[in-house]
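Enquirer: Here is how the chains run, residue by residue.
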Amino acid sequence: MSELKSNIPEGPLKDKWTKHKNDINLVNPANKRNIDVIVVGTGLAGGSAAATLAELGYNVKTFCYQDSPRRAHSIAAQGGINAAKNYQGDGDSNYRLFYDTVKGGDYRSREANVYRLAEVSANIIDQCVAQGVPFAREYGGLLDNRSFGGVLVSRTFYAKGQTGQQLLLGAYSAMNRQINRGKIEAFNRHEMLDLVLVDGKARGIIARDLVTGEIERHSAHAVVLASGGYGNVFFLSTNAMGSNVMAAWRAHRRGAYFANPCYTQIHPTCIPVSGDHQSKLTLMSESLRNDGRIWVPKKKEDAEAIRAGKLKPTDLKEEDRDYYLERRYPAFGNLVPRDVASRAAKERCDAGFGVNKTGEAVYLDFKSAIMRYGKEEALIHGNHNPSDKEIYDYGKKVVENKYGNLFQMYEKIVDEDPYTTPMMIYPAVHYTMGGLWVDYNLQTTIPGCYAAGEANFSDHGANRLGASALMQGLADGYFVLPYTIGDYLSKDIRTGKIPTDSPEFDQAEKDVRDRMTKLMNGSGKHSVDYYHKKLGKIMWNKCGMARNAKELQEAMDEIAELRADFWENVKVPGSLDSKNAELEKAGRVADFLELGELFAKDALTRNESCGGHFREEYQTPEGEALRDDENFSFVSAWEYNDNPREAKLHKEQLTFENIEVKTRSYK
Amino acid sequence: MKLTLKIWRQENAKAKGAMKTYQIDGIEGDMSFLEMLDVLNEDLINKGEVPVEFDHDCREGICGSCSLQINGEPHGPDRLVTTCQLHMRKFNDGDTITIEPFRATAFPVITDLIVDRTAFDRIQQAGGYISVNTSGNTIDANSIPVNKHDADDAFSAATCIGCGACVAACKNASAMLFTSAKVSQYALLPQGQVEAVERVENMVRQMDLEGFGNCTNTGACEIECPKGISLENIARMNREYLSATTKG
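Protein chains in written order, with the UniProt record's numbering: chain V, 1 to 667; chain A, 1 to 248.
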């Protein structure tokens with residue numbers, strides 16, 4: 001296989017995207033009508049890409065496993081979306097957003113992609129407001145901002161604690177406009193089961209109608225995969241139950257390289273696990289760290305007493321609390337990036353200072369924020385001598401306005417009132433920075449197969465900053481892919497409709513049918529969940545927040561063994577030709593069982609600590625991540641092998657010309 | 001907890017369905033309602049039976065996938081939550097729980113507890129958008145100031161997750177709360193004014209075509225709505241509709 005070509009345009013960083021847009025080929029409007037594009041996934045990246053491509057004139061088919069495009073998991077994003085608008089006048093700029101993102105990613109992302117992301121970020125906000133997305137506003141009627149981790153400016157736009165839903169409904173409304181015009185045909189409750197290549201190019205997919213079980217062939221001139229991340233390889237994560245790696249993994253099997261699988265984001269503020277029955281984890285938005293202070297008891301005996309239920313957190317005096325993030329990272333305090341905050345929580349809990357029955361939780365406390373806001377509000381209301389109770393009541397109202405729905409959600413799940421007792425939180429798997437390798441044009445190593453949003457690897461390096469996923473999804477879908485794909489499709493104006501009765505489609509459909517029959521014919525010893533939970537435990541214990549060579553090797557062996565057991569003994573009830581949730585799950589878990597092993601292999605190969613990838617062997621005396629720029633400043637792009645541990649590594653060297661690479665410090 | 005579950009089982013859209021009774025044990029208060037169903041399904045699978053199909057995805061109350069009529073109420077007895085955020089601590093040991101799909105002519109059953117809610121998508125496709133191209137070449141976001149009160153009301157209307165509880169709660173199976181939430185979001189924003197007349201006309205026409213019933217101001221929808229969407233939206237849509245028909 002040839003060297004990876006990132007196809008980054010020549011010229012100064014800030015001119016690359018403009019120059020590239022001017023240089024690439026266009027397709028004339030009359031020809032666009034003869035070109036078909038398939039978009040798999042209808043979240044922020046897929047929904048926005050589908051709408052824009054249809055608007056440009058291409059014939060678009062969208063596919064999602066949910067019953068409506070509006071339910072894609074982007075909907076669950078809470079906190080916000082970044083944009084270098086500098087509305088607050090606090091010194092923000094495209095360069096600063098670019099800088100923060102590259103630094104936040106621990107210098108493992110591609111400069112040119114990240115700069116383009118920063119460059120188009122402001123347009124996203126303009127676009128969404130024009131679509132009627134109801135962002136939070138100040139009393140003067142202008143847009144409000146807040147801060148997220150790892151940055152020193154306020155550049156995050158938000159819609160209370162449900163920014164994701166509002167942005168997704170914006171993209172969904174743009175899709176609806178095109179569906180109404182007949183330019184998008186939406187295949188909901190459909191799952192992509194394979195990618196079809198003709199003459200080495202992506203020319204279609206095999207999909208299953210999840211209601212009737214029918215296997216369908218769909219052809220197109222290009223295929224866009226916007227199918228999200230693979231956090232569910234851990235079983236427990238903040239992803240939706242159905243989130244899966246199938247579309248990306250099927251493309252990987254057909255030749256697309258998979259990049260940096262070991263870069264996983266473990267989010268510091270999630271509701272802790274309550275028991276073995278747990279099916280998923282719930283995030284408490286990072287925006288809470290704007291006002292919440294994170295602490296554990298300073299004394300071990302207090303932590304023990306709390307775990308035993310003999311002491312309440314509110315009984316602990318100020319001097320008996322350890323605000324460990326403020327102590328260790330005075331410059332950024334509670335707003336350090338996610339990887340740093342997660343590791344710090346694990347460190348305290350491992351050292352015996354954790355709370356909750358399990359000892360795997362820390363406090364997120366709003367008391368000082370409530371009192372601070374309360375004093376301010378009292379003054380605004382002309383009350384110059386308020387009682388503590390009055391201050392509390394004023395302050396509670398402010399906090400309720402900002403985070404009300406999150407507090408309500410916490411109370412429903414945990415059955416405790418976070419206004420009167422601190423929240424308990426613990427890190428959980430949330431996002432995957434790794435994904436399909438793509439070049440500057442978002443094209444994978446398969447010509448005509450593109451990847452957008454969380455499904456690709458491109459912008460976040462080894463750690464994603466908060467409020468950057470929504471930005472990347474919409475940037476890719478609205479503003480990047482619709483341009484770059486035109487360059488490829490310009491060569492297809494004379495191709496005509498791609499037939500679906502070719503030997504390539506025959507073969508792909510046969511492969512799919514064989515695989516499903518095999519899944520149905522296991523000996524029937526254990527359910528799909530049994531295997532998924534086992535895989536999740538291996539991943540969390542051996543490929544989680546801290547990794548080492550010995551355990552990674554063990555993980556690879558254990559996963560390989562589990563995979564063999566799965567194929568032999570899995571139990572899938574029901575039939576092939578009807579709605580069958582167990583069969584859907586089985587197909588997804590089969591892919592996770594391959595990905596998991598490659599994940600461990602990738603982590604084992606990367607002998608350094610960077611971002612979300614922390615290897616215990618590589619740390620500073622203070623316990624911070626120790627990068628090795630000399631030997632590991634590259635993207636790992638894996639070429640598929642049936643036996644994941646034999647996958648072949650290709651390296652894309654990363655060069656930094658516009659940013660000084662240094663040790664990432666938030667102290 | 002030990003529970004008796006009475007669950008609607010229906011093989012497919014054409015098959016005749018019926019309630020079936022199951023006994024379940026070992027349920028804890030910290031489990032969500034859907035995790036309780038996971039336990040039942042794991043048990044059914046191990047016994048060689050076909051598990052119960054139900055829609056669910058995010059399990060954090062925002063995607064709108066989960067539905068379920070629990071003891072006669074959409075999303076069960078708790079207020080302002082979806083089924084996935086309903087916890088078993090709301091039930092008692094020995095309870096009998098009836099679980100049915102959302103019932104409405106416009107929501108035909110697909111299988112077991114899953115219904116087809118694509119009628120909602122078609123109402124949105126009829127006009128639930130602002131016709132602006134996604135080129136990014138729009139005006140600067142802050143050149144459209146919006147009165148905070150209106151912006152907050154538009155946001156509240158936009159929090160609808162499209163789950164269909166309003167329809168399931170309504171004795172007429174009306175979709176007025178759902179449709180009016182979208183109409184209101186745009187009616188309250190300056191960006192939505194240009195197409196206001198066509199929007200409300202087209203969306204209401206589609207709503208009627210889908211076979212949803214009419215609104216008789218009972219208010220059950222507002223009480224059962226997991227997002228607390230207000231009846232005021234229906235009043236606003238009626239005003240918009242009246243004004244559109246007199247203009248049109």
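Treat the hints as calculated values from the structure; they're not laboratory data.
Some clues are possibly wrong.
[Unchecked claim] Which stretches of chain A does chain V cover? Using the computed rule of at least three CB atoms under 8 Å from a CB of chain V, they are:
(1) 57 to 65
(2) 68 to 76
(3) 111 to 117
(4) 138 to 151
(5) 187 to 199
(6) 203 to 210
[Unchecked claim] For the chain A half of the interface with chain V, some residues (derived, Cβ under 7 Å), not all of them:
(7) D30
(8) I45
(9) Q85
(10) D121
(11) G128
(12) Y129
(13) V132
Note that CB positions come from ideal geometry on N, CA and C, so glycine has one too.
Enquirer: Of the hints given before, which are not true for this structure?
Expert: 2, 6
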